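Since chain Z is already given, all that's left is putting chain C on it; use the hints.
Heads up: the sequence lines are chains Z and C, in that order.
Under my numbering, the first residue of the first sequence is numbered 1, with each subsequent residue one higher.
Under my numbering, the first residue of the second sequence is numbered 1, with each subsequent residue one higher.
Quick caveat, the hints were computed from the structure, so don't treat them as lab data.
Warning: the hint list may mix true and false statements.
[As the list claims (entries may be wrong)] Cβ-Cβ distance ranges computed for the label pairs, FRET-style:
#	chain 1	residue 1	chain 2	residue 2	range
1	C	Thr62	Z	Thr341	22 to 28 angstroms
2	C	Lys3	Z	Thr271	33 to 39 angstroms
3	C	Arg200	Z	Thr331	19 to 25 angstroms
4	Z	Arg201	C	Ser43	55 to 61 angstroms
5	C	Ser43	Z	Leu284	52 to 58 angstroms
6	Z	Thr264	C	Gly57	49 to 55 angstroms
7	Z	Gly367	C	Arg68	53 to 59 angstroms
8	Z	Thr435	C	Ala223	48 to 54 angstroms
9	C	Val89	Z	Leu185	39 to 45 angstroms
10	C	Gln139	Z	Thr264	45 to 51 angstroms
[What the hints assert, rightly or not] Some residues of chain C that are not near chain Z, with every Cβ distance over 10 angstroms (derived):
#	residue
11	Arg24
12	Gly57
13	Gly131
14	Pro224
Predicted, not measured: the structure shown is a model, and the values here were computed from it.
The C-beta atom is built at its ideal place from N, Cα and C for all residues, glycine as well.
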Amino acid sequence: MRLPDFARTTTFRWTLTVAGAFVLCTLVLFGFVYWQTAVYMMSKYDVLLIEELRVFASNTPERRLEEIQDRLSKDPHRNKIAGLFGADGRRIAGNMESLPPGLAPGVPTNAVVVRVDSGGREMQKVRLAASPLLSSETLVIGRNVDEIAEIAEIVLRALALGLVPALGLAVVIGIVLSSRAHDRLSEVNRRIQRIVAGDLRARLPVHGRNDPFDQLAVSVNRMLGDIEGLIHEIAGVGDDIAHDLRTPLTRVRVRLERGRTRATTLEELRTVVDQSIGGLDQSLAIITALLRIAEIEHSRRLEGFSQVQLAPLVREVGDLYDPIAEDKHVTLRVEAAEDATVHGDRDLLFEAVANLVDNAVKFTPEGGRVELALLRHEGQTVIRVKDTGPGIPANEREAVTKRFYRSDKSRRTEGLGLGLSLVAAIVKLHEFRLTISSGPGCTAEIACPQVN
Amino acid sequence: MAKLLLIEDDKETADEIRAELSDRGYEVDWAANGIEGLDKARSGAEEAMIIDRLLPGMDGLTIIEALRHEGVRTPVLVLSALGAVDDRVRGLRAGGDDYLTKPFATVELVARIEALLRRPAENRDTVLRVGPLELDLIQRTAKRGDRSINLLPREFRLLDYMMRRKEQMLTRAMLLEEVWNYKFVPQTNLVDVHMGRLRRKVDEPHEPPMIHNVRGVGFILRAPA
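This is chain Z alone, in the form it adopts within the complex (with noise of 0.2 angstroms):
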């Protein structure tokens, strides 16, 4: 058989279980107040059973007989028991037909007797007490204790009215709940199927309840939106490399189709050829760029950040750009007094540092001057490249930092525009700040929050 939906889900599941729970617990409940109060009572019935008997044992035989009779008539609800027998066991007075077997002097004991009166014969339940007599008599007094049976009922009864309706709204409240939470869940289920279908703009419902779906579907929706913007960011990635290799390549194309048409000799042929090698060259050197500025940018590599020690930094990068500056014939001043120590990775900052140098030395005419410095300013370590060059303007400044962006000016400069992106995603995985200002010259600065 195949329980209703609802029934199968796991909310619903919960609700039973607590539901049985709930029962089990009343249940415990109520016996516990039936036993205590019972045991109340009982311990009730017998000091007042002592304290009689000890009354009626010391009065004299004629007033004892007075006040049997006396406690028997003021008795409208026949709950009251007394007998006094003979050494014999032959009734004298009270209400008792016979002695029940087995009653220990002053002990109350639970026993069954026939009570007999004008109402006729009837067994009843009691509580008895006897005392034996100085006149070898024995005295018997008792109290029905059916209120104690009573009270059982009366507790019974509450139990079945309160606990009945309440399982039923346990239930009720339950199946509305996971019902709830099962539309829910499907309605997830169904934006999920539509996302899977490949409708990235769809996310989970938020109801503004802030409850645990809420703060799932939240998580989620933050996930996708991650997603969503690393896919675009790759489609990105894949438009700049169609872009941006389409014209190397269509040059190298067109170098091969005229070497082939016009080139008569071998050697005009291998010319051809080896330009070509070099336009295809240099289309590879965009695509490994262009994937290294991604590798960067969505880097985990903040695992393996370790600290970095920053002036031997920049007078290796200093070293390195020495005689290609000397060759330019321009000057480079490095200048690292004070030491700096950074968290990040040294590979990377490397990187960063040679590529503004790079640059920097690039687009510095013969006769300039590249000045390369590590310094305190403001309470940050700023790593600062400036040089004498033509500088960028100002609306161009952050686009430089863009992918594939080369001012129009330096054209004709070699180089494939992405050096400073690449920077620009260093600096950014680090969280440092990368600051490129002009005039005169261009000055380029990455400041460093300082450890320690």
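Frame of chain Z; chain C shown alone:
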């Protein structure tokens, strides 16, 4: 001539590599998949291996790890289309000796194979000698014949590297990786500029040249004939 093993699943690439290497006198055995390759590699008959990373049914690194585990010490050049720095590190950590990213120039491949085959022995000499050239590692001095050469630390390091690999083709990428520990390709022709400096100091105009520039490939340090 040296025997090589190539494990590469793409037949066209494999054919190109084999043709190029046979032209240079190598005998190249080819395996198209990891299992066959592993079998052939176990024989240990080859002097060096070229293993592609992405093989059908098996990662090239798994083969290398298996071989190293079995005690096969044959040097391995890992080929891969995965060019990220982390991939490279992983390749070397798995037991590869060198890592080359596809696509590559064939000369680069050949230079690296040669470098693997002629890896400098652990040399405890404190003075390196190539022809008239002498490098004192303790005194940090260099001499060509009687002429002492004044080197900057970075030039000393470069010459040291080249003298340990005399008569070997050293490509720009190899020099960047090994001498400057550079993990990326700089935009400027750094190597050429640094090499130019060193060359002017080692080879004076009247002396027969020792540092040779092989156009489009790299550099060789060779004792003058």
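Could you tell me which of the numbered hints above are not met by this structure, giving the numbers in increasing order?
The structure breaks hints 1, 5, 10; every other hint is satisfied.
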